[in-house]
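Protein chains in written order, with my numbering: chain Z, 79 to 378; chain D, 79 to 378; chain C, 79 to 378; chain S, 79 to 378.
It should be emphasised that the hints constitute simulated quantities derived from the structure, not laboratory data.
The following label-pair restraints were derived from C-beta to C-beta distances:
1. D:Asp355 x S:Leu240: 21 to 29 angstroms
2. S:Glu224 x D:Gly268: 52 to 60 angstroms
3. S:Asp120 x D:Ala350: 55 to 63 angstroms
4. Z:Arg213 x C:Arg167: 56 to 64 angstroms
5. C:Glu249 x S:Ser300: 50 to 58 angstroms
6. D:Ala350 x Z:Gly101: 34 to 42 angstroms
7. C:Ser100 x D:Glu216: 51 to 59 angstroms
8. C:Met79 x Z:Gly101: 35 to 43 angstroms
9. S:Lys147 x D:Thr191: 47 to 55 angstroms
10. S:Lys271 x Z:Glu297: 48 to 56 angstroms
11. D:Leu345 x Z:Glu249: 55 to 63 angstroms
12. D:Lys241 x C:Gly101: 30 to 38 angstroms
13. C:Pro192 x S:Leu240: 44 to 52 angstroms
Just so we're clear, the structure is a prediction, and the values are computed from it rather than from any experiment.
Even glycine gets a Cβ: it sits at the ideal position worked out from N, Cα and C.
4 protein chains.
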Amino acid sequence: MTRLIDNSYGKSEVRLTKIVRSGSRHTLLELIVRVMLGGAFDRLYTEGDNSLCIPTDTMKNTVFALAKKNDFASPEEFGRILVHHFLDRFDHVAWAEASIRESLWARIPVAGTPHEFAFTSGGSDCRTAVVRRERGGELELSGGLEGLAVLKSSGSAFEGFLKDEYTTLPEAGDRIFATSIDALWRYLPGVAKELSGVRAGASLGSASRAVDFGALFAEARSTILEIFATHDSRSVQQTIFAIGEALLERLPSIASVDLAMPNQHRLLVNLAPFGLDNPNEIFVATSEPFGLIKGSVARG
Amino acid sequence: MTRLIDNSYGKSEVRLTKIVRSGSRHTLLELIVRVMLGGAFDRLYTEGDNSLCIPTDTMKNTVFALAKKNDFASPEEFGRILVHHFLDRFDHVAWAEASIRESLWARIPVAGTPHEFAFTSGGSDCRTAVVRRERGGELELSGGLEGLAVLKSSGSAFEGFLKDEYTTLPEAGDRIFATSIDALWRYLPGVAKELSGVRAGASLGSASRAVDFGALFAEARSTILEIFATHDSRSVQQTIFAIGEALLERLPSIASVDLAMPNQHRLLVNLAPFGLDNPNEIFVATSEPFGLIKGSVARG
Amino acid sequence: MTRLIDNSYGKSEVRLTKIVRSGSRHTLLELIVRVMLGGAFDRLYTEGDNSLCIPTDTMKNTVFALAKKNDFASPEEFGRILVHHFLDRFDHVAWAEASIRESLWARIPVAGTPHEFAFTSGGSDCRTAVVRRERGGELELSGGLEGLAVLKSSGSAFEGFLKDEYTTLPEAGDRIFATSIDALWRYLPGVAKELSGVRAGASLGSASRAVDFGALFAEARSTILEIFATHDSRSVQQTIFAIGEALLERLPSIASVDLAMPNQHRLLVNLAPFGLDNPNEIFVATSEPFGLIKGSVARG
Amino acid sequence: MTRLIDNSYGKSEVRLTKIVRSGSRHTLLELIVRVMLGGAFDRLYTEGDNSLCIPTDTMKNTVFALAKKNDFASPEEFGRILVHHFLDRFDHVAWAEASIRESLWARIPVAGTPHEFAFTSGGSDCRTAVVRRERGGELELSGGLEGLAVLKSSGSAFEGFLKDEYTTLPEAGDRIFATSIDALWRYLPGVAKELSGVRAGASLGSASRAVDFGALFAEARSTILEIFATHDSRSVQQTIFAIGEALLERLPSIASVDLAMPNQHRLLVNLAPFGLDNPNEIFVATSEPFGLIKGSVARG
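Model the full structure from these sequences, guided by the hints.
Listed below in structure tokens is the structure:
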């Protein structure tokens, strides 16, 4: 005897571009959306009974239609709209989750002025949101970023670590620290609650908004960059904690943050065979292997 | 006040090539290894105290050294060796996890005979294993594959699904079904136990092996291919369950299996504007968006 | 004063799937097509005059429509159809080029029999063709493959090379040779001529075919694999020449072949710090840097 | 009879990081270098005679050693150093080519001030240089950029194009124009000559520099962005020419420029089935197929 013990399905990589016009000034929103659903879908798997199956093609259409029907300015808000739609519309959906990546477009400066409708890349990273709700539960609301490339050529050491029979790494009082930062912060329940209360289809104008998610994202991103730059690092782990602490201190709306930072090694090249010394000048950048360091920091 | 609520770290993308020689016949094993550890590492994050920090560089060295010191023929066995090493060697490690991807190399046929030491790619997929143990707990042992590309041009339908105001998908009695299969099966506790009991450093010769993981993998892979080919599919979900059922039936050593199958759409091209009909002949292959369908099947 | 000195444009990554049914047995052709055109397009660039611009969207439609209207079994034949269409249809097109990659699908074996309509990946590589014609010139016709992954763990050396002040590489009497082979063979003018003569829109049935491109591809691919496996290699360069020679010997329809073989290094790991020797057993696979070796071999 | 009609080889993806310290202020240069050589290497291919083979491993070492021994501030200068080295050092090398991609790192702003040694990504694009010399010929010197992501949501049309039986594209008076720009400009012979004259190993201090390649790159990049933003585009082709014209006008050191701009389509979503109009608000971004538009503009 066999049984289905877990299932979920959805549509991934729905690439939505939305242009909002205010006179000749355009606002550009480019999102890559994943919607996943769980619920009473067992007979779909076990019997081939599709009567309760919401096609993933319909999910895709829903993303585009709801993007047209609603006013929103952040992946958090659009995620909330999507999650509520599927739970409100279908009784047999037990939970819904929207995972969104937003491209960071920046206005092209022309003669010192940001252009009204022309954009270029605003960073190596993308902005993210994960919004989830189980029927009857609270809205779980997270925002973040992925792939923020940073490198510092000083202010980073790694010394005093444990040595065993397989250790060959020399102590380093001054090393290059290069990484690509992923962060995902969980909002306080009150923020999610306030966002949930906004009437579906209503304009989420700045007046009615509990949190200005755009301003919060900008503050989070600049905090991460600043702490990375200025923290006197004894390890990637210690820098993760320092960044987490600073985010919680500066962003009163968040409850916790998950951080992941791969250690993208720059290895000192041995130039001695060529009669050259190498006082931290010439390195080889390696893509693999890499250290993968994770930490989660919360209030309390 | 802030506190560290979770942490883990390790080394990722350690690319190991091992050649085992039996006369002029070589066995080739190419693995990409990730090792992650958790435990009493808090002071590393909060104080910059590295005294208990096992460097990720040491983990990398350990992978290579243990690959030399031990005899093994599968990612499951090598994962067990790695996990046991870190738990046995360091009291402050609370759990260890090895995630391994193995390249599928096949012997090049020369005049009908498989060559002794020359190989070519044996598939689009890679073989995988995830091995984890918490101190004091049982070994959790999984094997699987990732990225098995398949396509069938008949024997697949999608009809009778739920329609709502956002549904435009037509019913399809005969459609192309293309996907890239990921599967991860959990071994029964007895298999993991027997594997754990093998003395560290000892040869895991075929005589002493509880399970022939290589034969099991081959059986699992051919089962997945066969069921995909022959199952009369009413949905991706139903095919997932059918594959899961067959794996549990044919592989007595496994307890459950997780399956994920993206629906890589081939869309019928509208040739009517050119005065041509298109009776399921000409399709456009799309890479995004895609349906993402998941299911887990277990005994009992 | 400035002037346009060169221009070309086209459509890339047109992903075509074609199913040909013979009773319940299906033939599957999956091609990724690029069409590029050159000609009297200057005013498009310099004046914004689009009157002679064939939109790339039209090129995409043309790929799908011609795939429906014509019978073909190889990327070479379909490339010829496309190139002829654009030259025949538009007097202001001076040259047309089709570059095609074909996925290698293999029938899934079920109980030892290849399935009629279910397929899995047939290799890491893809089959390719490049077809080009300048107005008034001969058809230039090439076929090939890209990304054929191979590795041999013996039968490869690299010794006796030039040493200078920057050389640290030790001589290697027995090393791993891993690469990903790209080959592109140019057909003899007669083959291209005969293919060109086939009436447009006519069935390219096996009877009328000058060359069985499918059989030729299979012969080329197995020759490459066999020579790679059996050639006693003193360098990647020497193996390239050996493969080129064998292709010219076995394939009377081709005039020359271009080969490119990146040297994907497997580096012997130094295990001496751990008290272990390493007689060519444990290697680290590296993705960069890599040696890039190219050679072209012709008759005569 | 067969013969080698062409050959070249080299080392690719050599990832060099160089830190130059001026007190506590660091300059960071991250380059990915490819070196290719041609010359009297035939016996390497045809005879397996390695006596004239400069190993690619030596090329890699040479990149690191010359990066240490020389002062340079641009990929153009480092490319010149590499190319001259191989031609000067080895009589049997007939030509040498260095292709370099430089990561764009920008100083992290801390309290409004650019940090002395901490950096984040400065754009989606990378800076490039291609430097080549044939023995006895002039230095051929090019600089450029690759992957500059831009999008404008107005100021772009595509109308009045040729229609044939396969055209379905509607005329568009106002469309989204999204692309990723590649540009490669050829310097005037005088610039290359002056750079060539700099004594090998000498400091290429700003005083002795014929061209400030860094300032030129910044000017080129901002010109491309500005013209993209402000040009009233009737086609991608016309915008290419407008960018080329502006580059030649503003950069007196360059002779010509090659531009390539894929048309990364944003397609208007049909919302009519949902009772919604869509006045250029909701688009789907597609990754394939894409238009590929190229043009070269020169003086004279």
